[in-house]
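As they're listed, the protein sequences go chains A and B.
58 is the number that my numbering gives to position 58 of the first sequence; each next residue is one higher, with no gaps.
71 is the number that my numbering gives to position 71 of the second sequence; each next residue is one higher, with no gaps.
Don't read these hints as lab results, they were simulated from the structure.
Because the structure is a prediction, the values reported are computed rather than measured.
A virtual CB, placed ideally from N, CA and C, is assigned to each residue, including glycine.
Check each hint, because a few of them may be wrong.
[Stated by the list, open to error] Here's a subset of chain A near chain B, in silico, CB distances under 7 Å, partners left out: (1) 229; (2) 234; (3) 246; (4) 248; (5) 249; (6) 250; (7) 256; (8) 262; (9) 267; (10) 271; (11) 273; (12) 296; (13) 298; (14) 350; (15) 354; (16) 358.
[Unchecked claim] Heads up, simulated EDC-like pairs for lysine to aspartate or glutamate below, C-alpha to C-alpha not over 20 Å straight-line: (17) 44(B) / 82(B); (18) 98(B) / 129(B); (19) 44(B) / 55(B); (20) 98(B) / 82(B); (21) 98(B) / 156(A); (22) 44(B) / 12(B); (23) 98(B) / 101(A); (24) 98(B) / 196(A); (25) 44(B) / 97(B); (26) 159(A) / 170(A); (27) 44(B) / 71(B); (28) 159(A) / 93(A); (29) 159(A) / 190(A); (30) 98(B) / 66(B); (31) 98(B) / 157(A); (32) 159(A) / 123(B); (33) 98(B) / 161(A); (34) 159(A) / 101(A); (35) 44(B) / 123(B); (36) 44(B) / 150(A); (37) 98(B) / 52(B); (38) 159(A) / 102(A); (39) 98(B) / 257(A); (40) 98(B) / 150(A).
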Amino acid sequence: MARADINLIATPRHGLSVVLPEINHAGRRMHRAAWFLLAVAILALVLTGCSRATTGPVTREVYVLGTFVTISAYGPGAGQAIEAAFAEFNAVERRMSSFRDDSEIARVNQNAGRQPVAVSPDTLAVVRTALEYGARTDGAFDVTVGPLLEIWGFGDEKKGEQFRVPSPAEIESARALVGYERVRITPAGEVYLPAEGMVLDLGGVAKGYAVERAAAALRNAGVQGALINAGGSVKALGRRPDGNPWRVGIQHPREADGVLAIIPMADGEVVITSGDYQRYFQADGRRYHHIIDPDTGYPAEAMIGVSLIGQDAFIADTLSTAIFVKGLEEGRELLQRDDAFEYVAYTPEAELEVSPGLRERAEIRP
Amino acid sequence: VKRAMLDLRVADVAVIVLIFVLALAGFVTAWGWGPFAPPPEVAKRTVVIRADGREVLSMPLTGVGETQRHEVGGPLGNTIVESAPDSARVVDSPCRDKLCILHGRISLPGRAAVCLPNRVAVEIVAGAEQPFDALSR
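Next up, chain B with everything else stripped away, as it sits in the complex (with noise of 0.2 Å):
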């Protein structure tokens, strides 16, 4: 009996030990500290269209590759959003203020270029490199 308790114990010690292991690895990726963090890739900054506050398209900011188009349609027609590989812009838009356009070219996480009439709204977003919550403008 003596022996079938020894061997129940460090099975027990050994379930224990595991689910604490477990538990500790599950609120540091939880939290993302120490090796778990997410890779600085991850982190990095990402154009993001919204239409009509719906997220149309998410591209990350890959410093390489090609400048791109991107047709968003709005109540007044569409506005034409290009990516590049370090920043973003609005080309082109059937609203009449043409404030996206003149507001000109955006690279840096939490900027933010919004045509208002046809409800299309580019930001760039990165995530912990944000360095603020919003822009007052």
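So here's chain A without its partners, still in its complex pose (with noise of 0.2 Å):
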């Protein structure tokens, strides 16, 4: 028989069925099972092409809020979900950035002494975050830093400002300036600075809010696993493609090779690090760096680096800088009353500790 005779009929019980006139029963049973296989078969082959290859990570980099910020992400529509996520990351930049004279608290911060500035109730909420953070740790960690930063030179790159070790007159006439307690938010919800030369910087707690935003963006989004990389402050949603968690290594501090300890990520968690390797100069022999002890002046010198590991970036943030200035045993105290972090903490004597939360599950590198 000719394969031309093979007939396509619809039957009222089985659908669309082939037809092989003059073949018996059994032959017929045994041709619905091979095109049945067939079907199987094409369909294996078909979702081939549904592999890894097409469910992979995908991943951008973009410069915002003074740093390289990396996103991965894999599930459907991960390539819009990481769009939303950095429009989040611009929107933080217009408002909050210190790089921008035109972002709010650039405005807040030229009318400082003048009048109070009419602010986002996003800024608004991080303004409140940061001071009372201020508060909890008894200004180790001080938004109104800026002046002092100033005059180190560890400012706005922009206006010129050279890296020096000012004289003790300039630190003390800086430190007039500085004090999150004197920051007024007035009834209206606006910020003001009482002083003219008080400074504003959100600095690194608007990248870790950009950071918990972008997240929010991305599980919104409906991504199965994510991870921003905000110039080291890192997040991690879900699961590696391969069901792994993500892992986070943490930089050694004076090895550029070097790395201190991975981190196997829990979903939500962030790992931000505060370190006196990220913006330094030398001068007579001495490293300067950029976290300035509020209480001095000076450089804080009760650390090396601090890494914090928790859920909240923006919260990590302040309390990782407010570990960096008080030192561990402070630190350690400031962690027991507050929110729930593990930390990793390199000391000036070279010595590693890794909080007990941590031991079990954090792969030390020797």
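With the hints as a guide, dock the two chains, each given alone in a separate frame, to form the complex.
Structure follows, in structure tokens:
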């Protein structure tokens, strides 16, 4: 029988069937089985195309908030989710950046000693929380430390500031302009710096806030997993495409190739690091870095590096700075009475300390 | 008719088996399993240089060969990256801080030297060999 004799007809019970004239009943069943197997095989072949190649992570890197931000995400609509996440970073930069003259924070600073400035609810919430953590850390974290940063040359590079060790008199003058407790929030929700020369610098906390906003955007978009790396502030969502936890290394403060520890990340976890190697200069054989103790006006010397591991990048940023300034002993107390954060700390004696809750999970590198 | 049927079934089975084998090979290749996994040399370390988030150079670290210098343009001017057979470093950059130069030589997967003011990043990547997905610093 020729192949052309095979007819396709619609039957009431079985839908479309293949009917081969003069074939007995058993032969017809065999053929149905063969067609079924063929369909399964073709489906399997088609599904091969739906493997990692098409669902693998989408990665994008953008310079925003004064640093490189890399976001990797996978799952349906990952590309659009990443766009939404970067839109959050851009919005935070427009409102809170210290690098833009037209941001809300820049306007607050331009009007220091003159008048209160209305800001968006987002910016107000960040300022309020920053001031709250100023109080919780006894001023070790202070969003008004800007005048001290400027005299050391760690302010806005565009202003042409040069790194230098300021005189004690300069430090005293700058210290007089520092104090988170002096920032006023009016009943109308305006922000006011009461003295000319005072500076509000949300810097790192704005970045932490943006990380959380971006993470919320990624979740809302329904990504299966994502990793946000904002200049070394890292947040993990879900798991890697292979089902294992995302892994975040912590930079060794003194070795370019060195890593202190690797943390397998739980869903939503962040690693935020404060270190004396992030921005510094050397003079007279000494290292002067950008984390200034608001109390002394000099770079804090209690720690070399502090990494906090927890759920909120914004809060972790305030606390890692505070622990860096206060040292590990006071830092432990701060963590006990505050939010649940684990830590990896590197002391000036080159000793590595890992919080008890992290010791089994973290891979400590010798 | 029965003979024709028999021939048809044998052909069908052959086609089905072939498609199953192809599908299996497709899965195995796509997921990098077994003998279809990428050969070790593909998974080796590569120096990747990015300017303003865009990759401008990708060069495998072969362990042999000569040290090369690469000029990478940024908003402040040219950053000069030196790639050696087993490592890379920034040797000059028009930035103020020079942190990228002070960072030193990098050779292991996942490590990076970054010049933020000139928006140039040098990174060692190693695909599956990478011990972590991101570095907190």
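Outcome of the hint check:
With 7 Å as the threshold, the beta carbon of residue 229(A) comes within range of chain B, its nearest partner Cβ sitting at about 4 Å, so the hint holds. Hint status for residue 234(A) relative to chain B: holds, with the closest Cβ pair at about 5 Å, below 7 Å. A cut of 7 Å between beta carbons decides the hint on residue 246(A): the least distance to chain B is about 5 Å, and the hint holds. Checking residue 248(A) against chain B by beta carbon gives a least distance of about 5 Å; that is within 7 Å, so the hint holds.
Because the closest C-beta pair between residue 249(A) and chain B is about 4 Å apart, less than 7 Å, the hint holds. Restraint check, residue 250(A) versus chain B: the minimum CB separation of about 5 Å is within 7 Å; hint holds. Satisfaction of the interface hint for residue 256(A) is found here, the shortest Cβ-Cβ separation to chain B being roughly 4 Å, below the 7 Å cut-off. The criterion of a C-beta within 7 Å of any C-beta in chain B is met by residue 262(A), whose closest approach is roughly 5 Å, and the hint holds.
Restraint check, residue 267(A) versus chain B: the minimum CB separation of about 14 Å is more than 7 Å; hint violated. Against a cut-off of 7 Å between C-beta atoms, the interface hint on residue 271(A) holds, since the closest Cβ of chain B lies about 4 Å away. This hint holds: residue 273(A) has a C-beta 5 Å from the nearest C-beta of chain B, less than the 7 Å allowed. Because the beta carbon of residue 296(A) sits about 23 Å from the nearest beta carbon in chain B, more than 7 Å, this interface hint is broken.
Given hint, residue 298(A) at the interface with chain B, is violated; its Cβ is 19 Å from that chain's nearest Cβ, farther than 7 Å. Checking residue 350(A) against chain B: minimum C-beta separation of about 17 Å lies over 7 Å; hint violated. Interface restraint check for residue 354(A): the shortest CB-CB distance to chain B comes to about 14 Å, outside 7 Å, so the restraint is violated. Here the hint on residue 358(A) is broken, as its CB sits about 13 Å from the closest CB of chain B, past 7 Å.
At roughly 19 Å between alpha-carbon atoms, residue 44(B) and residue 82(B) fall within 20 Å of each other, so this suggested pair holds. Between residue 98(B) and residue 129(B) the alpha-carbon distance is near 30 Å, which puts this suggested pair outside the 20 Å criterion. Restraint check: the Cα-Cα separation between residue 44(B) and residue 55(B) comes to about 18 Å, which is no more than 20 Å; the hinted pair holds. A hinted pair counts as satisfied when its Cα atoms are at most 20 Å apart, and residue 98(B) with residue 82(B) qualifies at roughly 15 Å.
Of the supplied pair hints, the one linking residue 98(B) and residue 156(A) holds, its CA atoms being roughly 16 Å apart against a limit of 20 Å. Restraint check for residue 44(B) and residue 12(B): the C-alpha separation of about 44 Å exceeds 20 Å, so the hint is violated. Of the pairs offered as hints, the one joining residue 98(B) and residue 101(A) is violated, with about 25 Å between alpha carbons and a cut-off of 20 Å exceeded. Between residue 98(B) and residue 196(A) the CA atoms are separated by roughly 32 Å; this puts the pair beyond 20 Å, and the hint is violated.
Under the criterion of a C-alpha separation no larger than 20 Å, the hint pairing residue 44(B) with residue 97(B) is inconsistent with the structure, at around 32 Å. Annotation: proposed proximity of residue 159(A) to residue 170(A) holds, straight-line Cα distance about 18 Å (limit 20 Å). Simply put, residue 44(B) and residue 71(B) have alpha-carbon atoms about 24 Å apart, too far for the 20 Å limit, and the pair is violated. Under the criterion of a C-alpha separation no larger than 20 Å, the hint pairing residue 159(A) with residue 93(A) is consistent with the structure, at around 19 Å.
Of the pairs offered as hints, the one joining residue 159(A) and residue 190(A) is violated, with about 27 Å between alpha carbons and a cut-off of 20 Å exceeded. Taking the CA atoms of residue 98(B) and residue 66(B), the gap is near 25 Å; set against the 20 Å cutoff, the hint is violated. Note on residue 98(B) and residue 157(A): the hinted pairing holds, with a Cα-Cα distance of about 13 Å set against a maximum of 20 Å. Note on residue 159(A) and residue 123(B): the hinted pairing is violated, with a Cα-Cα distance of about 30 Å set against a maximum of 20 Å.
Between the alpha carbons of residue 98(B) and residue 161(A) the distance comes to roughly 15 Å, so the proposed pair stays at or under 20 Å and holds. For the hint pairing residue 159(A) with residue 101(A), the CA-to-CA distance comes to about 12 Å; that is within 20 Å, so the pair holds. In summary, the hint linking residue 44(B) to residue 123(B) is supported, as the alpha carbons are separated by about 13 Å, within the 20 Å threshold. Simply put, residue 44(B) and residue 150(A) have alpha-carbon atoms about 44 Å apart, too far for the 20 Å limit, and the pair is violated.
A distance of roughly 18 Å separates the Cα atoms of residue 98(B) and residue 52(B); the hinted pair therefore holds under the 20 Å criterion. For the proposed pair residue 159(A) and residue 102(A), the alpha carbon gap of about 15 Å is at most 20 Å, so the pair holds. This hinted pair checks out: residue 98(B) and residue 257(A) have alpha carbons roughly 18 Å apart, not beyond 20 Å. The straight-line distance between the Cα atoms of residue 98(B) and residue 150(A) is roughly 18 Å, inside the 20 Å bound, and the hint therefore holds.
When each numbered hint is compared with the structure, violations occur for hints 9, 12, 13, 14, 15, 16, 18, 22, 23, 24, 25, 27, 29, 30, 32 and 36.
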